[in-house]
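Protein chains: 2
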Amino acid sequence: MNQKHFARPLAKLIAELSRLPGVGGKTAQRLAFHILEMEEKEALSLAGAIADAKRNMRRCSECGDLTDREPCAVCADAARDRSVICVVESPRDVAAIERLREFNGLFHVLHGAISPMDGIGPEDINIKQLLVRLRSNDEAVEVILATNPTVEGEATAMYIARLVKPAGIKVTRIAHGVPVGGDLEYADEVTLARAMEGRREL
Amino acid sequence: MNQKHFARPLAKLIAELSRLPGVGGKTAQRLAFHILEMEEKEALSLAGAIADAKRNMRRCSECGDLTDREPCAVCADAARDRSVICVVESPRDVAAIERLREFNGLFHVLHGAISPMDGIGPEDINIKQLLVRLRSNDEAVEVILATNPTVEGEATAMYIARLVKPAGIKVTRIAHGVPVGGDLEYADEVTLARAMEGRREL
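First to last, the protein sequences are chains A and B. Here the first sequence stands for residues 3 to 204, where the numbers follow my numbering. Here the second sequence stands for residues 3 to 204, where the numbers follow my numbering.
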């Protein structure tokens with residue numbers, strides 16, 4: 003879309019917004035004009051929230067989830083069951099499972115999945131740290147593999163299972179209650195709960 | 003959506019994003035996580051673009067359009083035909099008409115439309131400045147009313163027409179009719195009636 007007639011700060015804002023996922027040219031324009039019509043305080047509050055979140059949110063050195071403290075709230079919570087670790091691909095998946103209020107164990111965020119097609123190998127995601135955690139955690143009894151039900155997610159689950167099982171730790175995979183080919187993040191809560199409940203040992 | 007488990011900077015970012023038009027809770031979450039996974043430079047660039055646009059874009063004192071200079075690029079352009087002024091409701095409408103590259107006159111942005119239901123009267127939108135412009139512009143020959151084809155837009159057009167016509171300036175309204183490329187059978191009755199009414203000899 004031609005933006006020649008837009009003043010430079012506006013054109014820049016539209017360009018930046020259209021880099022967000024699911025935001026096309028028209029949506030970016032709509033958002034940009036809306037931002038310009040917001041109260042200055044509100045707009046700066048949005049800008050500040052982006053900068054603050056980016057500056058203050060780090061990966062927890064324990065589990066890899068995004069957090070503003072070290073270790074993260076889940077890892078630091080004494081009431082959490084340290085014998086179960088749920089392995090997920092992304093912080094979004096942690097949020098989805100936490101929303102259930104049914105899982106009380108710990109998490110481990112891989113930040114991706116093994117995908118040879120995209121040149122992503124086991125060493126490119128947060129697997130090594132999982133093994134370090136399991137080695138130093140005598141309480142660990144079970145690892146739940148909650149990677150996405152996609153080819154990459156399955157491959158990643160298989161890979162981790164092969165590494166962890168020899169240590170005598172039970173390895174389970176969430177049940178295929180989640181639609182195959184879908185994204186964990188978009189599963190409805192009942193489906194996700196069923197999947198957690200129906201996990202099977204690998 | 004419960005965000006209790008989100009770290010505060012993330013929860014704040016999600017809250018700010020979900021105030022944007024068309025951005026619900028799930029979309030705000032998706033955008034927030036995406037922003038956290040962006041390069042720091044990119045995220046700060048987005049935040050900066052919002053703050054800069056908000057700080058540097060003002061209403062042109064002439065036409066009311068959003069601009070980073072005074073007067074705006076259109077008002078300052080000597081090649082523009084100063085005898086025609088196109089009145090629109092919002093800066094978005096200016097962008098839409100500029101995109102056509104067919105109109106070479108000036109604009110006037112009302113920043114809204116008269117809407118008694120919402121308590122918006124003629125004095126709440128940028129009408130007074132239009133009259134000031136017309137009085138000081140001897141070249142003005144035609145005012146094109148390009149407000150939206152809604153009840154409020156029509157009422158606003160009628161109101162402005164009544165004020166401007168006595169000054170001997172031609173007042174026109176953009177045509178209402180069936181959209182080009184559309185299907186006659188799907189046009190609503192009011193639009194179709196207007197299209198019939200506004201028929202022209204070929």
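These are calculated hints, taken from the structure and not from any lab test. Errors might be hidden in some of the hints.
The list treats identical chains as one, so a pair stands whether inside a single copy or across any two.
Calculated cross-link-like contacts (lysine-lysine; reagent style DSBU-like; alpha-carbon spacing at most 35 angstroms) [to be verified]:
#1 Lys172 x Lys43
#2 Lys28 x Lys43
#3 Lys130 x Lys167
#4 Lys172 x Lys130
#5 Lys43 x Lys167
Alpha-carbon proximity context of Lys172 and Lys130, limit 35 angstroms = Answer is within: at 18 angstroms inside a copy they meet the 35 angstroms cutoff, but 76 angstroms across does not.
Evaluate Lys28 and Lys43 at a C-alpha cut-off of 35 angstroms and name the case that applies: within, between, both or neither.
-> both (25 angstroms within a copy, 25 angstroms between copies)
For the identical chains here, do Lys43 and Lys167 meet the 35 angstroms Cα criterion within one copy, between copies, both, or neither?
-> neither (54 angstroms within a copy, 41 angstroms between copies)
Check Lys130 against Lys167 for me: Cα-Cα at most 35 angstroms, and say if that holds within a copy, between copies, both or neither.
-> Cα proximity of Lys130 and Lys167: one copy only (15 angstroms, versus 77 angstroms across).
Within, between, both or neither: Lys172, Lys43 at alpha-carbon 35 angstroms = neither (53 angstroms within a copy, 42 angstroms between copies)
In terms of the numbered hints stated before, the structure departs from hints 1 and 5, listed from lowest to highest.
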